[in-house]
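**Q** Chain by chain, the residues run as shown.
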Amino acid sequence: MSDNSLAIRKFSDLANPTRFLALADRVLPWFAALTVLTFAAGLWLSFTTEGDYQQGETVRIMYVHVPSAWLSMMCYTVMAISALGTLVWRHPLADVSAKAAAPIGACFTFLALVTGSLWGKPMWGTWWVWDARLTSVFVLFLMYLGLMALNRAMDDPARSARVSAVLVLVGFVNIPIIKFSVEWWNTLHQPASVMRLDGPTIDPEFLWPLIVMAAGFTLLFFTLHIAAMRNEIWRRRVTSLRRQAARNAGRESLAP
Amino acid sequence: MMSHAAYVFASYAVAFAVVVGLVVWVVGDGRARQRELKALEAAGIRRRSAEATAGEAQ
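Read top to bottom, the protein sequences are chains A and B. Heads up, the first sequence is in our numbering, so the first residue is 9 and it goes up one at a time. Heads up, the second sequence is in our numbering, so the first residue is 13 and it goes up one at a time.
Isolated chain A (complex conformation):
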């Protein structure tokens, strides 16, 4: 295979895992550097902007809570698109993408739940309520854990890919429920103040650190996702090479 055949000219060229590995090697240092720079700017803004006149200092919790919550939903959406890739187009990297994303999504959902709780105690007077928003995000967290368990329960990636892809797509119904729970039901959690059809209602003093932190978290997600996909490709290569070695050993021992 010459270097020329590994060139990526169109999106479908990424279906070749070797091409993907070459691309990952090239883009990961840039993504990692950009993530660090964006986080540096975001953290500086998070601690130098004013506190809220009602929430005081606790408004700064929002700068990690809201991006984590957005990422928890975006990660699941990436998994749902990957699941479609597995079931509809049988894209060889789609299952790798879904499998690599699950633990990252679980971590961001955990972070959204914990930081939300740490904000809720001083502002609402309680760590937790079973309102529609909090409960649906908790269900999302359990779904991530369930998918991770399912992926690890089956040895054959080809079999687990189809089963978990179906489960990911069924679970996707939870994403609009999370997004619109604050409008459909009477929740203690406040309604959306940034992603609104009539524009953000949040003061620019809080909006800027939030946007920069959200960009940092998004870059972090893609950096980790590409790196985790690369790990998963390597893991599958190790498994197939070990099988190949076992077959060769079996043949040699059978030979007269």
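In short, the hints are calculated from the structure, not lab data. You may find that some hints are simply not true.
[Unchecked claim] Simulated restraints, written as ranges between beta carbons of each label pair: (1) A:Leu175 / B:Ala54: 32 to 42 Å; (2) A:Trp132 / B:Lys50: 21 to 31 Å; (3) B:Ala54 / A:Gly154: 51 to 61 Å; (4) A:Val147 / B:Lys50: 40 to 50 Å.
[To be verified] Simulated coverage check for chain A against chain B, where a stretch passes if three residues somewhere in it have a Cβ under 8 Å from a Cβ of chain B: (5) 121 to 134; (6) 212 to 219.
Computed from a predicted model, the values in this text were never measured in an experiment. Every residue, glycine too, gets a C-beta built ideally from N, C-alpha and C.
On the provided structure of chain A, position chain B as indicated by the hints.
**A** Relative to the frame of chain A, chain B by itself:
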């Protein structure tokens, strides 16, 4: 009752711990898989496409 600053500190501390944990896990997993691939290669076990490439080069 904790002060507001303590809740803010706890939130950033948890976020930092989770992000560092994720990065360490992903980097460590990658290094372990690369070690395994190198060990297999050292034992003379190669992917068929890699063998084909080596064959073409000869």
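**Q** Compare the structure with each hint and give your call.
**A** Status of each hint after checking the structure:
no.: 1; hint: A:Leu175 / B:Ala54: 32 to 42 Å; verdict: 39 Å, holds
no.: 2; hint: A:Trp132 / B:Lys50: 21 to 31 Å; verdict: 53 Å, violated
no.: 3; hint: B:Ala54 / A:Gly154: 51 to 61 Å; verdict: 39 Å, violated
no.: 4; hint: A:Val147 / B:Lys50: 40 to 50 Å; verdict: 42 Å, holds
no.: 5; hint: 121 to 134; verdict: holds (count 6)
no.: 6; hint: 212 to 219; verdict: violated (count 0)
Violated hints, listed in ascending order, are 2, 3, 6; each of the other numbered hints is respected by the structure.
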